[in-house]
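Colleague: Place chain B on chain A using the hints.
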Amino acid sequence: MLIETRNVWRRYTLGGEIVTALADVSFGVNSGEFVAVVGPSGSGKSTLLNLVGLLDTPDEGTVLVEDVAAETLSDGKRTELRRDTIGFIFQDFYLIPTLTARENVALPQLFTKSASERNERAVALLSQFGLGDRTEHTPSELSGGQQQRVAIARSLINDPAVVLADEPTGNLDQNTGTTILGEFERITDDGTSVVAVTHDRLVTDFADRVVELVDGRIGDTTKETQHVS
Amino acid sequence: MSPKSLADRLPVLSLAIRNLSRSKTRSALAAIGIAIGVIAIVSLGMFGSAFQRSQMENIGTIGNDVGVFPGEDLDRANFTETQLREIRRAAQPADLIAIKQDVRDMRTRDGTAGQTVYGIADPGRLFDVRQGEIPDNWRSGIVVGDQLATIEGIETGDALNLDGQTYRVTAVLEDAGQATLVNPNDAVILPPSRFAEDTYTQVIVLSDTTAEATRTAERIRTAMNDRRERVQVFEFGQLAEQINQLFLQLNLFLIGIGAVSLVVAGTSILNVMLMSTVERRGEIGVLRAVGFKRFAVLRIFLTEAAMLGLIGGTAGVVVSVLIGAGIHSLFLGDPFAFDTLSVIYIVGGFSFGIGSGLISGAYPAWKASRLDPVEALRE
Chain A
101 MLIETRNVWR
111 RYTLGGEIVT
121 ALADVSFGVN
131 SGEFVAVVGP
141 SGSGKSTLLN
151 LVGLLDTPDE
161 GTVLVEDVAA
171 ETLSDGKRTE
181 LRRDTIGFIF
191 QDFYLIPTLT
201 ARENVALPQL
211 FTKSASERNE
221 RAVALLSQFG
231 LGDRTEHTPS
241 ELSGGQQQRV
251 AIARSLINDP
261 AVVLADEPTG
271 NLDQNTGTTI
281 LGEFERITDD
291 GTSVVAVTHD
301 RLVTDFADRV
311 VELVDGRIGD
321 TTKETQHVS
Chain B
3 MSPKSLADRL
13 PVLSLAIRNL
23 SRSKTRSALA
33 AIGIAIGVIA
43 IVSLGMFGSA
53 FQRSQMENIG
63 TIGNDVGVFP
73 GEDLDRANFT
83 ETQLREIRRA
93 AQPADLIAIK
103 QDVRDMRTRD
113 GTAGQTVYGI
123 ADPGRLFDVR
133 QGEIPDNWRS
143 GIVVGDQLAT
153 IEGIETGDAL
163 NLDGQTYRVT
173 AVLEDAGQAT
183 LVNPNDAVIL
193 PPSRFAEDTY
203 TQVIVLSDTT
213 AEATRTAERI
223 RTAMNDRRER
233 VQVFEFGQLA
243 EQINQLFLQL
253 NLFLIGIGAV
263 SLVVAGTSIL
273 NVMLMSTVER
283 RGEIGVLRAV
293 GFKRFAVLRI
303 FLTEAAMLGL
313 IGGTAGVVVS
323 VLIGAGIHSL
333 FLGDPFAFDT
343 LSVIYIVGGF
353 SFGIGSGLIS
363 GAYPAWKASR
373 LDPVEALRE
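Here the protein sequences come in this chain order: A and B. For reference, each letter of the first sequence is one residue, going 101 to 329 in this note's numbering. For reference, each letter of the second sequence is one residue, going 3 to 381 in this note's numbering.
The following block holds chain A by itself, in its conformation from the complex (with noise of 0.2 Å):
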């Protein structure tokens, strides 16, 4: 397994109230697999993607990055391992406004790489997705599945082993949110492990797996069969 979740646990404190966002979730990422994760608003799809993103971490099991407890590390080494392994795409896409697309693109790398070796890598991904001629337009320049392709190639620019989606196709239409999913499966198809949550059909017409999340409990698993290792 790429990334797992052991037997996790994850309880906020909501109003006074303890509210349980995951009870004992086991989940598991394969090498070139692309997962949907579904459920209901509250389900505790983001809070399972925060866990595998290293961004939060469980009150109780574990989360193992290439067999690393990510729960043992710093802070510090916890970015490290997340900026070297794990590659995020969000809803609102979150660019930088301030910044072109090659720089948004190059930003994951600014205190890693040379101004030479990030600018050459960014403007290479966005010419991989289109936007060869849109290097150096703002964010506000660009169509809302530009913004999601320049956001995809920031995703990728330190070649993670998985790249986590929350609700990517949310604010595109279905024609631009069917051509982004086509860019997760070019993704996927290169070894890149894809992990989506989603409310939308089409993202789990696309995947390998689907995994539904209730009440913060893994519910039904659909297409499981066809690629469990």
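Bear in mind the hints are in silico, worked out from the structure with no lab data behind them.
Estimated spans, in silico, between C-beta atoms of each pair:
1) B:T269 x A:K177: 36 to 44 Å
2) A:S216 x B:T342: 40 to 48 Å
3) B:Y365 x A:F211: 18 to 26 Å
4) B:M277 x A:G244: 23 to 31 Å
We put the beta carbon where it would ideally sit given N, CA and C, even for glycine.
Modeller: Below, chain B without anything else, positioned relative to chain A:
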């Protein structure tokens, strides 16, 4: 700025500048706040020192003179010839000028009025002449002070009547200012031989340096005063020292006022940066998600605050130099009369500007760096 230059060489600085330019008005206002603080410190400081220098130009010239006056325990009101010789001996090798003083009736256009008259053997050594001249061996004629000459319209060659006796005006003095041991501005000066008595109201001892003046003053005190205070010795050197202290305190007070305004400006940077961290929560979350460590986030925000301080400080220094030129022109007659102290105020004000930017930015930057990425990314 082309993306290939600043953004590539100094990415954090470039990020900071672009973030500040996002809300131009707000950033400008915060920088103006710092600029005003810097201007207040530097201008008030320079005002104080220029004022001091203009005042010291007057005081400095007589800082080396020692005034000797009859003391409480002197057997009479004025010094006698014998006492004068005693003082002269004590003061040696310093030179001295003995002064007689009297009030006589002077006839003017409006009638007769009491007029202060000094008897000085060589007034040219104490005062500058603006019209006419004082002969080396002065036996006759009269010298008139600046103010009196102006008010009464007196010029050299005119005749003045004192106590029924007529004197020819040989010279009119320059304005001697206010800080003098003997103020001739409103007085007339006669040769000492024109006085009935040979008694002296005061003696002025001339020295080349303040240190020498202090030593001379001490010698006169030792020689003349035992248990009784026969002479009062008045040193301008001491006074100058006291005045210096006074100016120092005045300057500190003025700079203190300036510093308060810089604290206010710092608060506005604190406010701007706090608002910025709240507004850019999502962005901070993304930076953390894509692998920026806490320190990197801290650096970005701190750089922004420092930039506000730098921009405000620079603007403040430019305006302060202009104001300084105005102040110098007003007090010292030379707009470029910047001395070391002015430069210290400029450098100090600039450093305080950047410093207050950094200090005010420290808390918001720390807050931004401690933000939980999960919280930050939650809509």
